[in-house]
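Assemble the complex: chain U is given as a structure, and chain F must be docked to it using the hints.
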Amino acid sequence: MDAFLALANGLTIALEPMNLLFALIGVLLGTAVGVLPGIGPALTVALLLPITFQLDPGGSIIMFAGIYYGGMYGGSTTSILINTPGESASMVTALEGNKMAKAGRGGPALATAAIGSFVAGTIATIGLAFLAPYLVDIAIQFGPEDYFALMCVAFVTVSATFGDSPIRGLTSLFIGLMLGLVGIDLLTGQARMTFGVPELLDGVEVTTLAVGLFAIGEALYVASRRHIQQETLEPVRGSLWMTKQDWGRSWKAWIRGALFGFPIGALPAGGAEIPTFLSYSTERRLSKHPEEFGTGAIEGVAGPEAANNAAAAGTLVPLLTLGLPTSATAAMMLAGFQQYGLNPGPLLFAERPDLVWGLIASLFIANGMLLVLNLPLVGLWVRLLAIPQPWLYAGILVFATIGTIAANPSPVELMMLTAFGVLGFIMRRFDYPIAPVVVGLILGPIAESQLRRALSISLGDPMVLLQSPISATLLAIALIALVAPFVLKGLGRFRATED
Amino acid sequence: MSQYRKGLWRSALAAAAVVGFVTTAAAQMELKIMAPAAPGGGWDQTARSMQQALTQAGIAKSVQVTNVPGAGGSIGIAQLVNNAKGDGNQLMVMGYVMVGALLTNNSPVTLDQTTPIARLTAEYEAIVVPANSPIKTAKELAEAVKADPAKVTWAGGSAGGVDHIAAALFAKAAGADPTKINYIPFSGGGEALAAILGGKVTAGISGYGEFESQIKAGKLRLLGLTSPADKATPDKPSLTAEGVNLEIANWRAVVAPPGLTDEEKKALTDAMDRMAKSNEWQSILKAKGWEDSYVSGDAFAKILEQEQARTKEVLTSVGLVKS
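Chains as they are written, first to last, in this note's numbering: chain U, 2 to 500; chain F, 42 to 364.
The set of hints was computed from the structure by calculation and includes no laboratory data. Please note that a few of the clues may not be correct.
[Stated by the list, open to error] Label-pair restraints from in silico Cβ distances:
1. F:127 <-> U:142: 52 to 60 Å
2. F:127 <-> U:295: 52 to 60 Å
3. U:395 <-> F:323: 50 to 58 Å
From a predicted model like this one, the values you see are computed outputs, not experimental measurements. Heads up, the beta-carbon is just placed ideally off N, CA and C, and yes, glycines get one too.
Bound-form chain U, shown alone (with noise of 0.2 Å):
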């Protein structure tokens, strides 16, 4: 029970009047920038860094936590209202939540949204200051075979994401696949399809993919309709607020989309990404309503969002436990630790409890403070779309674009962002979805370099996937997982022919 009085330790200290001005200071910078896409929360910690130098670690360190919080949070928002992931890992929630927003349905996808933030936030808080120590004996004993299998799982459930013609989605998730082989090969250090661009050793960007596609081609594919048909936006039908059946259709997925988020954010390669995908497939087969998904199912909104806020307070378990920055922000937070002489590490819980539980503690903070600051919020966001579309869209470009150079300022990356939005225009215009790209320019290089390592660890010998148990039990998943709806739809057709 030392855990509990820690933790009691901990609010003490989290409630203090400056740590709770810092928490709040965080949770607001967090939020405007991840609105802002491309600037997310790791370079604003990376900016307030010198600033912070001369102020207590404790308050620093939890407005910084305040800061991650805050971003997971804000980067929905866009991608509800104007079809803008302002981070890859609310990429997810764009697909069915701005489905929602078009249909008038706003109001419930953003709270949805935040409520389901919060109530992950809380779960994965408790699971961060309770089974952190546990968790991360597990996390570390997964090898680069353990990870490869994971991609595995992701690749065939990531099939949700196809809408409904499976060789389109598969096009589009080639192309993902194809741009993920773009820069230095990191096995060997050579570079792959930069064709003498030196920006380009560095692969394309995801953030930049995904503001192209979704963003921009939205943009142009909306002045390219104009003339055809006017698409009447009402920013309000029925209530803003959540109605019975959509807290009903929400609570589960937000408690499965934690239980995804925590585990594999807390890997030391895991990541905010994967968790929502594996998430939003799940909710797909769950749903009592499979035929919404594509037009705007709630579930699809609720359940990508609370893993991708379960999975920040994963990645703190690494970190704090191990000093393993497992995610950029997490990378600025190390930075902001070691700037005052303290080395997150197993020796962190022992040396300096009162910080480390004073920044959990503060993580519950900051869950209800962006609830708080949120939900009021909800009617005024929605009322952006109330804007003319000439306007908004304009402005959307615009954001986009200042998003991505103040990101990476450089020509390149701009005329990157344009073609990535002229083949978001041209997919939209012939139906290809644009979600299985960004997902295979996220998974491509990250199962590729797995299994290279696993090889090369085994010495090539391939057998090393099926004899570590955990590669074995997630590889047999997604064979199951690929196989069990063909077998399924064989046996109907044997039944029916029997009849």
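Showing chain F alone in chain U's frame:
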């Protein structure tokens, strides 16, 4: 947003500069420091620490930090050489990693085109094994590498980086063929650390700071550092003193654009000399755990030349650079 932030920055800097101006009337320089990497990494932290020390010590009136990320600094150096020629107020942070990156990326711009100013800090590479590994000493690891280099798997940072080069030099020092080493690059130190802790690889190689807390917690065994023998201490043994002749340091330095006059070069070098001696810089080094390895002027230019030659040789020998 970024404009707004820049504005904030400028006013903060202006305030700092005013304070600086009061302390020394000689503060006239308006410096620009480019970190050829994204915010948060080592080069960025070095640039921002320099900004802090230079303004607080009153050596410069203002210091503006810019980030030009990409390809291990290849993008940044191209901008420095092509767009900042003859600008006596511009500096760029760089390090040993850039020497290798420019070679493996086949960069059209080389470090010979810049004006070397000073080396600031250094960090030694550490070789570790999991605490339950049968390998106890550096000598034993060297014997294992000599017996069959492919069976010893190394986890470290990106291909062609300082970790990779150090692993190749270790094999060479052990009397094995460096082209045969089984080096597994991970993105960032964190992932590599997880693989070492999980016992997925034989040994890990990276900057000492990456492993420090795990070594102290007894989860990793430190076999040695790539430091000179005379720097060895009981808890930081030197590989050379342990009988494996390997010295390499991951240093960070500043260079200026080409085409500077001798006065401009001297002004920048003087500013760095004063910064290196300042209390502000010394306290930053202590807080960040960076080792002071200050060398300026021609002595640094010579080091830079030697490091380029040695790195090219190693990278060619492991097949990353074609001769």
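Structure-based check of all given hints:
The given range of 52 to 60 Å is respected by residue 127 of chain F and residue 142 of chain U, whose C-beta atoms sit roughly 56 Å from each other. Restraint check, residue 127 of chain F to residue 295 of chain U: a C-beta distance of roughly 59 Å satisfies the suggested window 52 to 60 Å. Restraint check, residue 395 of chain U to residue 323 of chain F: a C-beta distance of roughly 52 Å satisfies the suggested window 50 to 58 Å.
Every hint from the earlier list agrees with this structure, and none is contradicted.
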